[in-house]
Amino acid sequence: MNISVASLHHIFIQQSDQPLQALSDINLEITSGEFVALVGPSGCGKSTLLRILAGLLIATRGEVYLGGGTPSEATTRKQLAWMAQNPALLPWHTAYANVAMAQKINPRDHPTGAQLSPAELLDLVNLEEFKGAYPFTLSGGMQQRVVLARTLASGAEIWLMDEPFTALDELTRESLALEVLRLWQRFQTTVLWVTHSIHESVRLADRVLVMSPRPGRIFAQHTIPLPRPRDDTSAEFQKHVRAIREDLSQR
Amino acid sequence: MKERFSLSDFLLAFLIVGPAILLWELSVSWLNLPVYILPAPTQVMKTLAANLSLYSSASLITLEEALAGLALGLIAGASTAILLGMWPRMERGVMTLAILVKSTPLVAIAPLLTIWLGFGLFPKVIITSLLTFFPVLVNVLSGLRSTDTAILDTFRSWNASRWEIFLHARAPSSLPHLFAALKVTAPLALIGAVVAEWTGASGGLGRIMWLAYSNLNLPFLFGAVFVLAAMGITLYSLVLFIERKVIFWEET
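Order-wise, the sequence lines are chains A and B. Note that the working numbering has the first sequence beginning at 1, numbered continuously upward. Note that the working numbering has the second sequence beginning at 1001, numbered continuously upward.
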């Protein structure tokens, strides 16, 4: 399922200050099954763009299409999944029940994992032994694994990920990112991954979009043709990291 | 999970309450206070023991009124909160009415209700429910609104209906607030029942108090106060106990 954004602008009207131009002339084409990373410093509007795509925010101007429909249409068809730092699990339900909830609301038959059972999905994210565990008994990394299983269960074909693992320690963050990569390859979803880590973006994505702040816009993009799994010590890997870093430092 | 009621908690409670009662006992004997001014705790206990069946049947009546009123206030308060949660536009109107009810002095309505509805159970239940309605309404409403926005976003991304969001997200999130309200209203319900009985009743602890007061029989009056206090503590502990069973996912 592809994502298409044309001349998107977003302005926040604040009561006290000047209107803030958060996004300026964003144009974006993401093909179905692509893994795209969005890098930029804090406050460059990455999250705003993602929230607009997710239909959580209405853009001031511009066109947004996900699989040919508006964000709200895509939501109606349950095609979008949103993942952020806050796992947003239901604390009164077990891991199993949390995953099952994504299938229970608007059940939808779809290849993305919606036809697998919650138990199978939890197996898939290596939580075999924690199906009956409540979120508060799980570590932050395990909670995000439950969220991954839940995302699969929802059947969404587009995953919008807003720095989902930033609150976790580096080792956990890395292993979870690879987990996302593995699931993306298996289920062939479309991923838009927001991050402020250049290294992470080169490690994961087919294509890296670089954003600059005030007003937030995409001013460069890099295709990363390296085969996976990627060796982050290789010269080519470092070359891409350097190129993106140079882009960002010039702004 | 965290440690619950421990022995040291009981010990601490005893260490606070024990000396207070001892001081009361000692000051009555030291100051030679006559019994119609202040009876000693031991004398109150003696009166209690001598009239055990009288007190227990009276407490049952009061307890029945309090619990029925509490249940009614709880149902009315929670349903109003749910209604306002679903249709926020009604809030201003309904809250104005609720505050009006809340700020009407109960001592003014209680005798009226007795005149209208008689000396039985019914007017006491009404008074008690009026008293417990408001704290339940306010707490449950803020509970329904306290739902984690990230959870709400997740449900919206599934295109969940308002009813599904209420059932699976808002209602469970409001449970801790409901219990906070219950901790306040459970002892309050007893007060409501007693105040209602005071204005005219065929039985209950309030009636015992009123009779004792008219005869200046202070040991008898304090006996009822003691029973009431014990009932209040028991009800509160019961709410606490249920809360810890139901809301297992939160520290309390």
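Treat the hints with caution; some may be incorrect.
As the list claims (entries may be wrong) - Cross-link-like lysine-lysine pairs, in silico, DSBU-like; alpha carbons within 30 Å at most:
(1) A/Lys131 - A/Lys104
(2) B/Lys1046 - B/Lys1102
(3) B/Lys1183 - B/Lys1245
(4) A/Lys104 - B/Lys1102
(5) B/Lys1245 - A/Lys131
Unchecked claim - Pair by pair, the computed Cβ-Cβ distance ranges are:
(6) B/Met1090 - A/Asp169: 46 to 54 Å
(7) A/Glu128 - B/Ile1099: 26 to 34 Å
(8) B/Thr1149 - A/Ile13: 15 to 23 Å
(9) B/Pro1105 - A/Phe136: 39 to 47 Å
(10) A/Pro227 - B/Arg1244: 51 to 59 Å
(11) B/Arg1145 - A/Asp169: 28 to 36 Å
(12) B/Leu1100 - A/Glu128: 52 to 60 Å
(13) B/Arg1145 - A/Ser72: 18 to 26 Å
(14) A/Gly68 - B/Ser1146: 35 to 43 Å
(15) B/Thr1234 - A/Ser72: 51 to 59 Å
Just so you know, these hints were derived from the structure itself, not from any lab. Given the structure is predicted, the values throughout are model-derived calculations rather than measurements. Cβ coordinates follow ideal geometry from the N, Cα and C atoms, glycine included.
### Query
Between B/Met1090 and A/Asp169, does the beta-carbon spacing fit 46 to 54 Å?
Given about 48 Å between the Cβ atoms, the range holds.
### 51 to 59 Å as the expected CB spacing between A/Ser72 and B/Thr1234, which holds or is violated
At roughly 53 Å between Cβ atoms, A/Ser72 and B/Thr1234 fall inside 51 to 59 Å, so the hint holds.
### Message
Next pair to validate is B/Lys1046 with B/Lys1102; report whether the Cα-Cα distance is within 30 Å.
### Response
39 Å, violated
### Task
Hint says 35 to 43 Å; check whether the CB-CB distance for A/Gly68 and B/Ser1146 agrees.
38 Å, holds
### Query
Taking 26 to 34 Å as the hint, is the beta-carbon distance of A/Glu128 and B/Ile1099 inside that range?
With Cβ atoms ~54 Å apart, the hint is violated.
### Query
So does B/Thr1149 sit 15 to 23 Å from A/Ile13, Cβ to Cβ?
20 Å, holds
### Verdict for A/Pro227, B/Arg1244 (Cβ pair) under range 51 to 59 Å
Since A/Pro227 and B/Arg1244 have Cβ atoms about 55 Å apart, the given range 51 to 59 Å holds.
### Query
Can the restraint linking B/Lys1245 and A/Lys131 be considered satisfied, given a maximum Cα separation of 30 Å?
21 Å, holds
### Query
Given the proposed pairing of A/Lys131 with A/Lys104, does the C-alpha separation stay at or below 30 Å?
Status holds; Cα separation ~17 Å.
### Query
CB of B/Pro1105 to CB of A/Phe136, is that within 39 to 47 Å?
Since B/Pro1105 and A/Phe136 have Cβ atoms about 45 Å apart, the given range 39 to 47 Å holds.
### Task
Quickly compare the C-alpha distance for B/Lys1183 and B/Lys1245 to 30 Å and report which way the hint goes.
The hint holds at about 15 Å.
### Message
For the hint 52 to 60 Å, verify it against the beta carbon of B/Leu1100 and that of A/Glu128.
### Response
58 Å, holds
Violated hints for the displayed structure, listed by number in ascending order: 2, 4, 7.
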